[in-house]
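Chain residues, written in single-letter form:
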Amino acid sequence: MSSFPPLCFHGCCASPPLFRMVSPAIALAFLPLLLTLLIRYRFYFVLFYRAVLLRVWRDCRTGLSREERCFQYVLTNATPGDPESILDGFDSWCTKKEFISHIGPKKGKILDRLLSEHSPLTVLELGAHCGYSTVRIARALPLGARLFSVEMDQKNAAIAEKVIRLAGFDEVELIVCPSDEVIPRLRADFDLEKLDFVFMDHWKKCYLPDLQMLEGSGLLGKGSMILADNVLFPGAPNFLRYIRRCGLYEWRVHRATLEYSKGIRDGMAELVYQGTK
Amino acid sequence: MNRTPVKEQGRGKERRRSTAKKLKPGTATGNVFGSTNSSQPQFHPCLLLDMCHYFKQPLCPCLSSEQESSEDGDKEGEGEDEEVEEEEEEVEKEVRPETLTPEELEKLKEAVDDKKKLIQALRGKPWPMKKKHSTLRESQEFLEKYEGALGKGKGRKLYAYKVMMNKKWMKFKRDFENFTTACIPWEMKIKEIESHFGSSVASYFIFLRWMYGINMILFDNIGTVPRAEETNAMDFAVLWDFGGYAQYSVLFYGYYNSQRAIGWLKFRMPLSYFLVGVGTVAYSYMVVIRKMARNANETGGGDENSFNFSWKTFTSWDYLIGNPETADNKFASITTSFKEAILEEQESRKDDNIHLTRFLRVLANFLVLCCLAGSGYLIYFVVRRSQKFALEGFENHTWWERNEVNMVMSLLGMFCPMLFDVISALENYHPRVALQWQLGRIFALFLGNLYTFIIALMDEINLKRKEEDVVQFNMTMWEASLHNNTADNSTAPPLFTHPADVPRGPCWETMVGQEFVRLIISDTMTTYITLLIGDFLRAVLVRFLNYCWCWDLEAGFPSYSEFDVSGNVLGLIFNQGMIWMGAFYAPCLPALNVLRLHVSMYLQCWAVMCCNVPQERVFKASGSNNFYMAMLLVILFLSTLPAIYTIVTIPPSFDCGPFSGKARMFDVIQETLESDFPAWISKVFSYAANPGLVLPFMLLMVLAIYYLQSTSKSYKEANVELKKKLQMVN
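Sequence lines, in order, name chains B and Z. Letter by letter, the first sequence follows residues 1 to 277 of UniProt numbering. Letter by letter, the second sequence follows residues 1 to 730 of UniProt numbering.
In isolation and in its complexed conformation, chain B is listed as follows:
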């Protein structure tokens, strides 16, 4: 869009130093741009403040890591053995105090609905982080189902273990190992034939390699469902491109907002494996 340009652009006689004597009028003319950016991306600025700035500040102040602070809060505020209150504890900490990027209540409802429709018996979870999503899945599983949770980081895995014990679930198997090392060994070590449900919430750039490894290992059968979180923000474009093109899956993207944030668009990709033709 152009406005009315120069009546006459006066040429410059010598090359003056650029920012000397830039008039205040030109600087003021940039004010609308600043205001626009501030208003349009206000949710991103708020997220940045909560997820990065506040975290660094609190880390320096208390000396504990973010996950440990979270676990302390949940421990004091939730009733043991009641997964509902543990999840509520997590939600209230993430809403009021700081930000942790697990699945959140709104997207969690979609997860619950899919689980109750599907009723899988063998579930694999990649990226347990603090154990929020593990508790959420375990809560919705039918009797006799098995849940395998993979978490790479030692400290996070320790906290997740404690949270799972606090919730009172026994049939959850927590594997502390990077996902690309675990998946080839799943069949051998844990006696698995087929995975009914896979939940991916680890590093976004690992979504595609892990998916391909799962395909290669033969653990996916016809009708296996894969749910991948955060495919729009921060986003996993290679993953989305792959599933659009390969033709092995019936896929759809559930549109929602990022956890604990109102204005940032996000989505979960739900894939149903069709089997090779």
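No lab work stands behind these hints, which were simulated from the structure alone.
Restraint-style ranges between C-beta atoms, simulated for each label pair: (1) B:V52 with Z:E392: 49 to 55 angstroms; (2) Z:E345 with B:K194: 40 to 46 angstroms; (3) Z:F338 with B:D170: 46 to 52 angstroms; (4) B:L64 with Z:T313: 55 to 61 angstroms; (5) B:L121 with Z:T313: 39 to 45 angstroms; (6) Z:F338 with B:L121: 35 to 41 angstroms; (7) Z:V540 with B:L64: 43 to 49 angstroms.
Please read these numbers as outputs of a predicted model, since none were measured by experiment. We put the CB at the ideal spot given by N, CA and C, even for glycine.
Once you've looked at the hints, dock chain Z against the given chain B.
What follows is chain Z alone, placed relative to chain B:
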């Protein structure tokens, strides 16, 4: 809602007719039995047999074509005989009617009428397609065969001839309609864009095409003016300053001299220049108002509200499409129309807290007013500063200070619309209404720009006029010195001075024209460059950087741009305003604009399909067309005002242009009236200019306007009542 590409529809209809025609008896039935030269008795039993068959059952096997040969299983022998005799009947057609009794003639007439009615009612019958096709074919054959034969006596041939000509005429009309639709420029492009992006984006391109048409006509009008002169220095080198030869070329005002009658045609140059200027403005007003009136008729609501989605689901597809690309476009357009309908439904169901909404809207308008006031004050401040700098001389200031006005105006024009867009999210309007508010606000912003431009132009005109006075003074001195010299040496031959040595006066009109042309060109360049960088480069970056970026660029921050309808429409409207303003001083402007619009059409169509994504909320643009026209009318009015002001108040340059030497430009009309027309016409005009006559005339016009307005209102009300009645009856 039928959005079929018209081309495909036309072709489909033709296909159907042509297949029907092929099976005309005697032409397409294979001539298995050789020639038909055998003489036959005059009375053919087959004729009666035909008629009996027709009266008994609609489907007559005796005239069925080869394709329905399955029905003729046991009648084949009969059929063949009849085919032979048919052809013989064709040859000896003229003999038949005289052999018929009046009752049979009556019956034949009835049969023909029946067939005609059958053909007309065929679409509504609940028959399978095959049956309809065969009935149609056979009825048409019957009509072809017997209709011509019905005329009595000598008139028969004429009647048959008339019937044939009528049919040919209908076919010709249909072909011509198809041809004219195909001739509409860029129709397929716009349909494709509409199918993918919705009618709001397409409305911009339709508006662009309409402007192109207007400018073509303006260009034709103005192009006739310079043809009488021989070219002087027609150097079309586009120097940035448009100085040098181009200054004196036919492109600009200063080229035309004030000689009253040119050449053997006694072409009245000054008068024609003036009248062409007035004529273009009048034509523009007329065209805009006529388009507005026509659009006002089309906005009639009422029947779009019931069973909207059912209609769309069951009747959207067009079965005559034969081209895969057209089918894709149709698919996309049906999807888009569903989205539009869903949006309309959602908007009509919203019922939230009205007080909160009202408060938010007032707040948003207040914020926008603050922003407009701020930008207005900033522009005013900057203009005053630059006037101060001009007085001090431009050499004392840095480059930034010299070009402050331009920079500030460009920056404000780029950033304020974005701010208005963000503020309008508070208001929660229907997207169509939000677009209109956005257009209005950006319009108000650009009025500030217009004001600065005109102030600056006025300053330069005043400067030039002062220069003119100085030059005039110098010239009188120079001439006086010449006379002194010749007076001294009265015996010497008169001095010849080279014409180029005669000092020329400055021409403020040409300067104004140059400014306008520069404005248009740099505006165009800025638009194209912003398009290339803002849309195309962005799309390329998003597409190819996405492979190696940490977040998803397509779904997240930059993503592909959407087509900015409001910005583009306003750009088009303001450009047209500039053309109208400057057309009097630079007759080449409409030509430039035609070229610019032509290039814009292709470039923007390509850019939209290549780099933009459709908006999330796709809305129908039904009311927008009249809104664009209303804005165009306002701009037309605003842009004719300065031209009229300069014509009426500022004296033309003494040395250049068709009006040089006169006190005011409109004096040319008075001169023409006095010298060229007979005396009684000037008397008539002087009577007509009498206030005693003018005032009652104005009163009459006001009354006429009031009367027309009230009748049109009553017609509209009657229309709405009738529609309601129709709905109730149905």
